[in-house]
Amino acid sequence: MKDISEIRNDFPILGRTVYDKPLIYFDNGATTQKPVCVIDAVREVYTSYNGNIHRGVHAMSDLTSEAFENAREKARRFINAEEKEEVIFTSGTTGSINAVAFSFGEKYIHPGDEVVISALEHHANIVPWQMMCSRKKAVLKVIPVNDHGELILEEYRNLLSGRTKIVAVTQVSNALGTIVPLQKIIEEAHSLDIPVLVDGAQGIQHGEVDVTALDCDFYVFSGHKIYGPTGIGVLYGKKKWLSTLPPWQGGGDMVEKVTFEETTYNVLPFKFEAGTMNYAGAIGMGAALDYVSSLGRNDIAQREKMLLDYATQRLTAIRGLKIYGTSQHKIPTISFLLDGIHQYDTGMVLDKLGIAVRTGTHCAQPVMGRFGIDGTVRVSMCFYNTTEEIDALGMGIEKIIRMFS
Amino acid sequence: MTVDQVQESIIEEFSVSDDWMDKYDVLIEMGKDLPAIDPRHKVKDHLIEGCQSKVWLYPDYDGSVIKFTADSDAIITKGIVALLIRVLSGRTPEEIINADLFFIDRIGLRQNLSPTSSNGLLAMVRQMKLYAMAFKARSGQL
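Residue numbers (the numbering used here), protein chains in the order written: chain A, 1 to 405; chain B, 406 to 547.
Treat the hints as calculated values from the structure; they're not laboratory data. Careful: at least some of the hints might be erroneous.
What the hints assert, rightly or not - The following residues of chain B were derived to be distant from chain A, with all beta-carbon distances above 12 Å:
| no. | residue |
| --- | --- |
| 1 | W425 |
| 2 | Y429 |
| 3 | D430 |
| 4 | L432 |
| 5 | G436 |
| 6 | K437 |
| 7 | V448 |
| 8 | K449 |
| 9 | D467 |
| 10 | S477 |
| 11 | A479 |
| 12 | I480 |
| 13 | I490 |
| 14 | L506 |
| 15 | K541 |
Claimed, not checked - Examples of chain A residues lying across from chain B (beta carbon under 10 Å, computed):
| no. | residue |
| --- | --- |
| 16 | L23 |
| 17 | G51 |
| 18 | N52 |
| 19 | H342 |
| 20 | Q343 |
| 21 | Y344 |
| 22 | V349 |
Claimed, not checked - The list that follows gives simulated cross-link-like pairs (lysine-lysine, DSS-like), each with its CA atoms no further than 25 Å apart:
| no. | chain 1 | residue 1 | chain 2 | residue 2 |
| --- | --- | --- | --- | --- |
| 23 | B | K428 | A | K21 |
| 24 | A | K352 | B | K541 |
| 25 | B | K447 | A | K352 |
| 26 | B | K541 | A | K399 |
| 27 | A | K257 | A | K184 |
| 28 | A | K322 | A | K305 |
| 29 | B | K449 | B | K428 |
| 30 | A | K322 | B | K459 |
| 31 | A | K352 | B | K472 |
| 32 | B | K534 | B | K472 |
| 33 | A | K21 | A | K107 |
| 34 | A | K399 | B | K437 |
| 35 | A | K399 | B | K459 |
All C-beta atoms in this analysis are idealised placements derived from N, C-alpha and C, irrespective of residue type, glycine included.
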């Protein structure tokens, strides 16, 4: 892996200051910063070859279409999907899940059917299923979590039945950092012929993802959480599902033939890509995936494990600090509370020390409720963070405890 | 003192340091010194929506002026609401409605005024003005 100072130089924003202090960015779970190669790739679209994709007869349209389809191939390779047409571009994780919940619901869900999600889910993997269930008179079932913030697999097995039509689980808890044992979840569901959707929003950027080996039916993620632009994401679906699901949006590019009597749809993946896609975003995301691959995904995971261990040790040493989410299997995210100090106070003061964290419920109110709290301070790290930054965080927290005591 | 005079004296108190930590120290002290709200008024009806921390605000109108009491589970938020109370409590509805709260900008809290800000400073100001308008409308009808 490249030297850390070299890596940090790839991210222009990491050199800036905030309130006259060096920026310490620990909100990577919300969005990641962008390396120069991504910024340049987006810039190049608009400065060198911009044209609308799959439409024009002219050179600009051809060049952009080619770059867009290259980005699709990059995404396919990155998650090891078998075929390119199994990779659909969307606006992001939320867009992807809403799309599957809608189309899958239309085709396969009947009154009394059940959908299984987990108590670790982000609202984006709860609300679309709730909406579908209420439309289709289906029932939402939830896998509970233990005190460490891990899914209780025995309970999961008991939830599955002949009525279960789909399981939708996160790969990693955004609020606690827990890595979910996907292999077991998927095997269990498949033994009853139940398809599984995996929310990879917090997982894809932290290690290898192989959808073919995992055998998941759907896998979704966002570009902006893996060092790419905002407003772009991926929905991977096995061909056997995507070819039978109805489209969730109608419009240009997704059609084969349109008359006022009838419309026939285009082939995969275009059937699911109505209207002008965010091609600049897709091309930027392609550059981000290349960048992550060039650093080495195992090397990233290794460095992040080191940061997690270092930070866990540093923060655990602080009296009155309680960590929520104590699984042995975590991404470098630490959710915590200080005894007697509101998470919002902690976050406000850390901000003025130049340290960006997230406070609140992290769009995962049910899991906060599970622990009987109304929020935490979340430190979400990634490979470009350093042990020096963790030291500064530790000192900042100690200062806050003194201020509020 | 008028609304503007109180604002000027707050600005002066905050001008002693440019360091945010010092400003927060002042806010924390003000939060701690804020007189307690009557527990009977610390109910859902008096909770201000739109804050990441909980803020309860209770208006007591005696026919001429409104006295506000408040509480929050976050100390900095409590300090901010204490500042608003210092400026606006004990004023007539008319004074509250017409108050131009320039001190917020001058002491550097303006960034907390954005509509999506999680501390809900804007929501607090809006709520205080709404109460003032409601009391003014009601007394106008009598």
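Hint by hint, here is what the structure shows:
A beta-carbon of chain A is positioned within 12 Å of the beta-carbon of W425 (chain B); the least distance is around 4 Å. For Y429 (chain B), the shortest C-beta to C-beta distance to chain A comes to about 6 Å, within the 12 Å cut-off, and the non-interface label is violated. The Cβ of D430 (chain B) does not lie farther than 12 Å from every Cβ of chain A; its closest approach is about 7 Å, which violates its non-interface assignment. Taking the minimum C-beta to C-beta distance to chain A, about 9 Å, the non-interface status of L432 (chain B) is violated against the 12 Å cut.
At the 12 Å boundary, the C-beta of G436 (chain B) falls inside the reach of chain A, the nearest C-beta of that chain being 9 Å off. A cut-off of 12 Å between C-beta atoms contradicts the statement that K437 (chain B) is not in contact with chain A; the least separation is 10 Å. Once the 12 Å rule is applied to beta carbons, V448 (chain B) is consistent with being away from chain A; the minimum gap is 17 Å. The Cβ of K449 (chain B) sits about 14 Å from the closest Cβ of chain A, beyond the 12 Å cut-off, so the non-interface label holds.
No beta-carbon of chain A comes within 12 Å of the beta-carbon of D467 (chain B); the shortest separation is about 33 Å. At roughly 8 Å, the least C-beta separation between S477 (chain B) and chain A is not larger than 12 Å, which violates its mark as non-interface. Taking the minimum C-beta to C-beta distance to chain A, about 4 Å, the non-interface status of A479 (chain B) is violated against the 12 Å cut. Some Cβ of chain A comes within 12 Å of the Cβ of I480 (chain B); the nearest lies about 5 Å off, and the non-interface call is violated.
Look at I490 (chain B): its CB is around 19 Å from the nearest CB on chain A, clear of 12 Å, so calling it non-interface holds up. Its beta-carbon lying about 20 Å from the closest one in chain A, L506 (chain B) satisfies the requirement of being farther than 12 Å from that chain. A cut-off of 12 Å between C-beta atoms confirms that K541 (chain B) is not in contact with chain A; the least separation is 33 Å. Evaluation of the L23 (chain A) hint against chain B yields a violated restraint, the C-beta minimum of about 15 Å exceeding 10 Å.
For G51 (chain A), the interface hint is violated, since its Cβ never comes within 10 Å of a Cβ in chain B; the closest pair sits about 36 Å apart. For the restraint placing N52 (chain A) at the interface with chain B, the shortest Cβ-Cβ distance is roughly 33 Å, beyond the 10 Å limit, so the hint is violated. Evaluation of the H342 (chain A) hint against chain B yields a held restraint, the C-beta minimum of about 4 Å falling below 10 Å. Annotation: interface hint on Q343 (chain A) holds; nearest CB of chain B at approximately 8 Å, less than 10 Å.
Of the supplied interface hints, the one on Y344 (chain A) holds, with its beta-carbon coming within about 4 Å of a beta-carbon of chain B, less than 10 Å. Residue-level restraint check for V349 (chain A) holds (minimum Cβ-Cβ distance to chain B is 6 Å; threshold 10 Å). Straight-line distance between C-alpha atoms of K428 (chain B) and K21 (chain A) comes to about 17 Å, which keeps the hinted pair within the 25 Å bound. At most 25 Å may separate the alpha-carbon atoms for a hinted pair to count; K352 (chain A) and K541 (chain B) exceed this at roughly 40 Å.
Restraint check: the Cα-Cα separation between K447 (chain B) and K352 (chain A) comes to about 31 Å, which exceeds 25 Å; the hinted pair is violated. A hinted pair counts as satisfied when its Cα atoms are at most 25 Å apart, and K541 (chain B) with K399 (chain A) does not qualify at roughly 46 Å. Of the pairs offered as hints, the one joining K257 (chain A) and K184 (chain A) is violated, with about 43 Å between alpha carbons and a cut-off of 25 Å exceeded. A threshold of 25 Å between alpha carbons decides the hint, and for K322 (chain A) with K305 (chain A) the separation of about 20 Å falls inside it, so the pair holds.
The straight-line distance between the Cα atoms of K449 (chain B) and K428 (chain B) is roughly 30 Å, outside the 25 Å bound, and the hint therefore fails. Between K322 (chain A) and K459 (chain B) the CA atoms are separated by roughly 21 Å; this keeps the pair inside 25 Å, and the hint holds. Distance hint between K352 (chain A) and K472 (chain B) is unfulfilled; the C-alpha atoms sit about 33 Å from each other, more than 25 Å. Under the criterion of a C-alpha separation no larger than 25 Å, the hint pairing K534 (chain B) with K472 (chain B) is consistent with the structure, at around 13 Å.
A distance of roughly 54 Å separates the Cα atoms of K21 (chain A) and K107 (chain A); the hinted pair therefore is violated under the 25 Å criterion. Among the hinted pairs, K399 (chain A) with K437 (chain B) is consistent with the structure: their alpha-carbon atoms are about 18 Å apart, no more than 25 Å. Taking the CA atoms of K399 (chain A) and K459 (chain B), the gap is near 24 Å; set against the 25 Å cutoff, the hint holds.
Of the numbered hints given earlier, the model fails hints 1, 2, 3, 4, 5, 6, 10, 11, 12, 16, 17, 18, 24, 25, 26, 27, 29, 31, 33; all others are met.
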